[in-house]
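Novice: Sequence:
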Amino acid sequence: MNQSHEEIIANVRKKIFHPLYLLEGEEPYFIDVVSEFMEKNILPESEQSFNQTVLYGKETNALDIRTRAMNYPMFSNNQVIIVKEAQELKKWEDLEPYFEKPVKTTVLVLCHKHKNFDKRTKAAKAIASNGVIMTSKKLYENHLPGFVEDVVSQHQLKMDSRAVNLLVEYVGNDLSRLVHELEKLKLNLKGRKEITVDDIELNIGISKEYNTFELNKALAYKDVAKANRIVDYFTANPKSNPMVFTLGSLQSYFSKIYLVVQSKLKNDKDIAELIGINAYNRTALEEYKAASRNFSIEQVETVFGLLHEYDLRTKGVNDAGTKEGALLKELVYKILH
1 MNQSHEEIIA NVRKKIFHPL YLLEGEEPYF IDVVSEFMEK NILPESEQSF
51 NQTVLYGKET NALDIRTRAM NYPMFSNNQV IIVKEAQELK KWEDLEPYFE
101 KPVKTTVLVL CHKHKNFDKR TKAAKAIASN GVIMTSKKLY ENHLPGFVED
151 VVSQHQLKMD SRAVNLLVEY VGNDLSRLVH ELEKLKLNLK GRKEITVDDI
201 ELNIGISKEY NTFELNKALA YKDVAKANRI VDYFTANPKS NPMVFTLGSL
251 QSYFSKIYLV VQSKLKNDKD IAELIGINAY NRTALEEYKA ASRNFSIEQV
301 ETVFGLLHEY DLRTKGVNDA GTKEGALLKE LVYKILH
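For the sequence shown, position 315 matches number 315 in the numbering used here, and the numbering has no gaps at all.
FYI, nobody ran anything at the bench for these hints, they're computed from the structure.
Wrong hints could be hidden among the right ones.
[Claimed, not checked] Simulated crosslink set (EDC-like; lysine to aspartate or glutamate; CA at most 16 Å straight-line):
{"hint": "1", "residue 1": "Lys-323", "residue 2": "Glu-309"}
{"hint": "2", "residue 1": "Lys-115", "residue 2": "Glu-27"}
{"hint": "3", "residue 1": "Lys-119", "residue 2": "Glu-141"}
{"hint": "4", "residue 1": "Lys-115", "residue 2": "Glu-85"}
{"hint": "5", "residue 1": "Lys-158", "residue 2": "Glu-100"}
{"hint": "6", "residue 1": "Lys-122", "residue 2": "Glu-93"}
[As the list claims (entries may be wrong)] Across the chosen pairs, the derived CB separations fall in these ranges:
{"hint": "7", "residue 1": "Thr-283", "residue 2": "Asp-174", "range": "41 to 49 Å"}
{"hint": "8", "residue 1": "Tyr-72", "residue 2": "Glu-39", "range": "40 to 48 Å"}
{"hint": "9", "residue 1": "Glu-39", "residue 2": "Asp-174", "range": "17 to 25 Å"}
{"hint": "10", "residue 1": "Ser-263", "residue 2": "Thr-283", "range": "15 to 23 Å"}
Glycine included, each C-beta is placed from N, C-alpha and C at the ideal position.
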């Protein structure tokens, strides 16, 4: 059967276990969350030393796992075997007989990270019949703010939307790092219950005025002076603002602008749904609407061409070694003019 990470955790809390778990997919964060929860909560701590084993795909093999899984627990109802980095495991076919007839007292957890497991294989079909498969998918960009808000809520905190967007813009879709940064912010709140943009600037090192989020906004409103100030800051601080990161942000941003311009939608709710933002985020909505007034379809397509050109130039293609700061100045000038 297929279950989500929330369902598996809820069942483990209720002491409902299955003999086989395949935690697989491109997003490692949810695989880590589930496997760590199972490692700590299936068996009481007093039973773990005798009945719980953690293996690693590079260091073990299918026959060893099968032999261990066929053992019975000592003074316990279950034994737990967790195989981390199972994507490194060779000869999965050697485990197929066990998957087809698993030992009911064994809970075997296979953590197959960074890529999907081939569901067409006999191994996958046997696990689906006799256990649980959890597929951990990469979150789309428009789901990242919601993920951050959920984590913040779990900590019984609040975070204003500008701070959420700034953190997401800076970290991207590395969920583990997002959670790490949020935990760091929480430690520095000193009893307060809301994370602000100032907290992010102070504790993470992102400037609240000079970041890709604000550069996008300056371009949307065609605020030449502000855009130039941000470019100058990026040029002076290249390690904190690498060109590759800025280009990726601009590509994503103008892709959304393209959708808004092409759709010719006027209703705020429709626009928000189209580009995957909160309909109540008035600031973001007004920004995209301003961009759709300031850039035609042809101009946005020109921007895409410029982004491709300057991406190649940063990699040394058709360029004689121009510094990133100078390339960014050229690019922003051409976008604005």
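Novice: Which earlier hints turn out false for this structure, listed by number in ascending order?
Specialist: 3, 5, 7, 8
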